[in-house]
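K.L.:
Each chain, letter by letter, is given below.
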Amino acid sequence: MEQQNNIYRPILNCIDREETKRYAGLRKGQDFPEKLVDEACNIVMMSKEPQTVWTVYPYDCCHACVQAPDEYFIPGNSLRKHLASATQVIFLSATVGEMVEEASSDAFAKGEYALGMLIDAAATAAVEQTADELEKLLTNKFAKLGFKMTFRFSPGYGDWDLREQDKVAKLANAEAIGVTLTDSLMLMPRKSITAVIGLCPDIEEETPSKGCNKCTKLDCSMRRDG
Amino acid sequence: MIKIFEGAMGTRLQALGIADKPCPEYASVTHPEAVTEIHRQYAEAGADILECNTFGANPLKLSYFGLADETEKIITAGVNASRAALKPGMQIAGNIGPSGRLIAPLGDLGFEEACEAYARQIKALAAAGVDYILFETIIDIQEMRAGVLAAKAVSNLPIICQLTYDAQGRTVTGTDPRTAAAILEPMGISVIGMNCSLGPEQLLPLVKELGEATSLPISVQPNAGIPVLRDGKTIFPLSPAEMAAWVPKLVEAGATIIGGCCGTTTEHISAIKEAAQGLTFAKRKALPQGVRLASRTKTVWLGEDHSTVLIGERINPSGRKAMAADIKNGDLTAVKREALNQVQAGAEVLDINMGVPGVDQKPLMKDVVETLSMLVAAPFSIDSTDPAVVEAGLRNFPGRALINSVSDKPGVKEQIFALAKKYGAAVLVLPLEEKGLPKTAEERLTIVKRLVAEGKAAGLSDGDFMLDPLVLTAASDGQAPRETLRTLQQYRKELGYPTTMGLSNVSFGLPGREDINTAFYLMALASGLDAPIINPCSEKIKTMTAASKVIRGTDSQGIEYSKNYVEKNIETSSTPTLTSGDVLAELCQAVMTGEKERAATLALAAFEQGHTASEITANALVKGMHIVGEDFGAARTFLPQVMLAAEAMKTSFDALRTKIKAEDLPYAGKVVLATVKGDIHDLGKNIVSALLSNSGFAVVDLGKDVDPETILEAVKNERPDIVGLCALMTTTLGSMEETIKLLHTEGAAAKIIVGGAVLTAEYAKEINADMYASDGVQAVRLSEQIVKENKEK
Chain A
1 MEQQNNIYRP
11 ILNCIDREET
21 KRYAGLRKGQ
31 DFPEKLVDEA
41 CNIVMMSKEP
51 QTVWTVYPYD
61 CCHACVQAPD
71 EYFIPGNSLR
81 KHLASATQVI
91 FLSATVGEMV
101 EEASSDAFAK
111 GEYALGMLID
121 AAATAAVEQT
131 ADELEKLLTN
141 KFAKLGFKMT
151 FRFSPGYGDW
161 DLREQDKVAK
171 LANAEAIGVT
181 LTDSLMLMPR
191 KSITAVIGLC
201 PDIEEETPSK
211 GCNKCTKLDC
221 SMRRDG
Chain X
227 MIKIFEGAMG
237 TRLQALGIAD
247 KPCPEYASVT
257 HPEAVTEIHR
267 QYAEAGADIL
277 ECNTFGANPL
287 KLSYFGLADE
297 TEKIITAGVN
307 ASRAALKPGM
317 QIAGNIGPSG
327 RLIAPLGDLG
337 FEEACEAYAR
347 QIKALAAAGV
357 DYILFETIID
367 IQEMRAGVLA
377 AKAVSNLPII
387 CQLTYDAQGR
397 TVTGTDPRTA
407 AAILEPMGIS
417 VIGMNCSLGP
427 EQLLPLVKEL
437 GEATSLPISV
447 QPNAGIPVLR
457 DGKTIFPLSP
467 AEMAAWVPKL
477 VEAGATIIGG
487 CCGTTTEHIS
497 AIKEAAQGLT
507 FAKRKALPQG
517 VRLASRTKTV
527 WLGEDHSTVL
537 IGERINPSGR
547 KAMAADIKNG
557 DLTAVKREAL
567 NQVQAGAEVL
577 DINMGVPGVD
587 QKPLMKDVVE
597 TLSMLVAAPF
607 SIDSTDPAVV
617 EAGLRNFPGR
627 ALINSVSDKP
637 GVKEQIFALA
647 KKYGAAVLVL
657 PLEEKGLPKT
667 AEERLTIVKR
677 LVAEGKAAGL
687 SDGDFMLDPL
697 VLTAASDGQA
707 PRETLRTLQQ
717 YRKELGYPTT
727 MGLSNVSFGL
737 PGREDINTAF
747 YLMALASGLD
757 APIINPCSEK
767 IKTMTAASKV
777 IRGTDSQGIE
787 YSKNYVEKNI
797 ETSSTPTLTS
807 GDVLAELCQA
817 VMTGEKERAA
827 TLALAAFEQG
837 HTASEITANA
847 LVKGMHIVGE
857 DFGAARTFLP
867 QVMLAAEAMK
877 TSFDALRTKI
887 KAEDLPYAGK
897 VVLATVKGDI
907 HDLGKNIVSA
917 LLSNSGFAVV
927 DLGKDVDPET
937 ILEAVKNERP
947 DIVGLCALMT
957 TTLGSMEETI
967 KLLHTEGAAA
977 KIIVGGAVLT
987 AEYAKEINAD
997 MYASDGVQAV
1007 RLSEQIVKEN
1017 KEK
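Residue numbers (our numbering), protein chains in the order written: chain A, 1 to 226; chain X, 227 to 1019.
Looking at chain A on its own, in the form it has when it is part of the complex:
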């Protein structure tokens, strides 16, 4: 019944500096002009246009079937496993718009390479924060019904093929916030994501594990310390 207006433009009062540095490949303890990181975060604060959209569908986990008007069968094991105890699924999309990208390119064009890189990283942090804010809203909505939410799972994670992106974007109604796909299935604006969250009853603890310590790629430059 509440399908028609699932657009949320969250407030981001700051860009996460530490995440920005991590996305830029800067590790802790490195001597780096912090002012440049601040400047990049500021530029993204000025140019971001955070928007999110989501849609909820019943989910038949026995057949890995998302019960949308056009049924979607989840391919691959990782996402099936991720949604193993879900009875409903939320498809979502989040973006910070196109202006952040222009800001990064502008910086490169002016020969401010490091700043351009950091703007790109800050924009990535901003998209994640935008999606986090949407999750807060969704938690409020579904926790009171007793659901637990799995973490966000995006095309490209595990063996969920990136080529599913068009179906995911459609299920999320990403177009409503201006997120579209190129012929090669890339999201436009580039600083956008799509993802699925499982709504799981009957779980006392959230089982799916999130975070770098569970990942096997030990030499990843994005790996969080600790």
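Watch out, some of these pointers could steer you wrong.
[To be verified] Computed beta-carbon distance windows for the label pairs:
{"no.": "1", "chain 1": "X", "residue 1": "A679", "chain 2": "A", "residue 2": "C14", "range": "53 to 61 Å"}
{"no.": "2", "chain 1": "X", "residue 1": "E427", "chain 2": "A", "residue 2": "L145", "range": "13 to 21 Å"}
{"no.": "3", "chain 1": "A", "residue 1": "E18", "chain 2": "X", "residue 2": "S289", "range": "38 to 46 Å"}
[Unchecked claim] Here are the computed lysine to aspartate or glutamate pairs in the DMTMM-like style, where the Cα-Cα straight-line distance is at most 25 Å:
{"no.": "4", "chain 1": "X", "residue 1": "K588", "chain 2": "X", "residue 2": "E530"}
{"no.": "5", "chain 1": "X", "residue 1": "K554", "chain 2": "A", "residue 2": "E102"}
{"no.": "6", "chain 1": "A", "residue 1": "K110", "chain 2": "X", "residue 2": "E823"}
[What the hints assert, rightly or not] Covered stretches of chain A (chain X as the covering partner; in silico rule of three or more C-beta atoms under 8 Å from a C-beta of chain X):
{"no.": "7", "region": "75-84"}
{"no.": "8", "region": "122-131"}
{"no.": "9", "region": "134-140"}
Because the hints were derived from the structure by calculation, they are not lab data.
Ideal Cβ positions, reconstructed from N, Cα and C, are used throughout, including at glycine.
Position chain X against the provided structure of chain A, taking the given hints into account.
P.N.:
Coordinates of chain X only, in the frame set by chain A:
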């Protein structure tokens, strides 16, 4: 006596199987006896206030079911169903839940549309005879404000406001209980509280927090614990006895009305009633003295007992042509930048003045307030003398603003006071009257006292006034500054309200204005100034504010002040400067540390000392870059630092170009660079381009999403040594392969280097690329190698 609300209604209707025909509220129309029976059971259990079945009876929500036209009918039926269960001494609350949509700019529901929908719901509730308007389960303070404004506009009923908080103690859109109190209490509500989402245990600290921030009665309706789903049913774990055990603690924390939300039954209410028997209202501490302002997420206190608050003055186009022109063109970039800069410089409140000549300020003020409230957490001071503009700001600000300002101007002051009352705003009182400028402190005090009395008669109270002592220019009246300081002292002695003033006016017409301003600022602080309207970005003001906080004791033992110094010292010491006298060694080091300006200066110095461009390049610039590159390869340094080094090289080359001809600069070779068709990623290619062009390569950057034919054409025209192709996604590797195939069939001589996130050396081989570069630094190294090999051939 602690009053008791009834418990859950929706779940009861669900159990009867009448909650979805088509919505719970419609059951009042189709099954009024069943609804009355539920109320009757709650009444029997001891509820003092019944909550009628109108939670979702909002035309916006009812429209989902095609029932918007029946709003009044559903509400009347809901109220009647509760009235039928009423026992003597009991009351009915007209229950109002969220509209189901978020208010713009968070969502797409207009603020006015929300007000109208609520007004319709409230009118119907009032006509049907409820005793309270009860907003509950609201997750955004702006929606609550819309509801309260609507309620005030169409009824005189007492208003109860309950927000829903998460475990971190904030609503979904970021409001904490203290801030909710700061915003809602001055709007004239009767009870403030919270319900849903959490159980009594989790709500207890939030009730406590609220109790310290309001003098209003507090209502709390917890869920019966945090729910779990079992066998498709939502189960709330707390038993009636477990829930009731929290009642004394909730009352002690300040609750005066208790009920239950999701998962509570008649047994829960009965147990709560019993537990509340004999309990009396907890004694609350008096609120601090002073004025509080609030944004959606933050409360700021101003006054003698609080730390100095800087009110940022820079969102003001008067005297700033560029900003005024931008605003006129609908471009708020400059305004946004000023907002961010001021907050980062330490401003806790932002003054917003939209006095742009020739622009309709009303919609502009609305726009700016909406935009900035999405950007910064500081509350605003709405700066205008036009009541219509003030209202546009106040209405759309999701917080409690300060009105800047009211003076003794008949016809206007009444409107300003009424707006402050309506929107729960504070007001800055200026001692100005129509007959002229009051010269002495005593005259100013008289005017201010008169205005405060009128404000109070209009319904404002002590926590709503801030006072301005009036700042005149020292250059035109030598005694003016002294009189301002005396006025501050008089205000403090006679009224005690927080004070504010824009102080830069004092130095008008004098040289070295910043020094005069700073001296005046410090003397004003000593005379009782609490919140200057000031440029917080001024270094002097920043330092003096920090220092004065130590003296006033608001920065206890100078902890904050010292922190600032430690940070400053680190910043200046973090770039050790090598001064060996060897200019090339110094330049090499400047490149490595990425010191752009220093590198440019040193490059010129080296040239003046007789070093040739090739020497400078080879023995300083490229050498430094190579060391950085090696460090990067060994993970001793990271890409952003490499890019800084590249920037230092760029400024050095740029500097050298002013002295010599471009063709005399060392030339390493030529590269055509592109991100392949279908791929819109720019960053990786931009990095490679930057590194190559600052290693002496001529780079022809074709951009992103470039089709094979364009690349081929560029290769034919430019005859490069190297073609660099970039692809970031698995989905575009195909087009990379296609490009390579085309280049090969057309017999292009250039070597092809490929790179990008998803590429591997194996795949590069598979698609017949000559080389694979795992990162930008390696791309440079490989390019150098290719050119060298070509030369040797």
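K.L.:
Run every hint past the structure and note whether it holds.
P.N.:
Against the structure, the hints come out as follows:
1. Our hint of 53 to 61 Å for A679 (chain X) and C14 (chain A) is violated, since their Cβ atoms are close to 43 Å apart.
2. For E427 (chain X) paired with L145 (chain A), a C-beta distance near 20 Å keeps the hint of 13 to 21 Å intact.
3. Taking 38 to 46 Å as the suggested C-beta distance range, the pair E18 (chain A) and S289 (chain X) conforms, at roughly 44 Å.
4. For the suggested pair K588 (chain X) and E530 (chain X), the alpha carbons sit about 34 Å apart, so the restraint of at most 25 Å is broken.
5. Between K554 (chain X) and E102 (chain A), the direct Cα distance comes to roughly 24 Å. Compliance with the 25 Å bound is thereby established for this hinted pair.
6. Between K110 (chain A) and E823 (chain X) the alpha-carbon distance is near 15 Å, which keeps this suggested pair within the 25 Å criterion.
7. Given a C-beta distance limit of less than 8 Å, the hint that chain X covers the region 75-84 of chain A is violated, as 0 residues qualify and 3 are needed.
8. Residue count for the region 122-131 of chain A with a Cβ under 8 Å from a Cβ of chain X: 0. That is fewer than the three needed, and the coverage hint is violated.
9. Residue count for the region 134-140 of chain A with a Cβ under 8 Å from a Cβ of chain X: 4. That meets the three needed, and the coverage hint holds.
Hint compliance for this structure: hints 1, 4, 7 and 8 are broken, all remaining hints hold.
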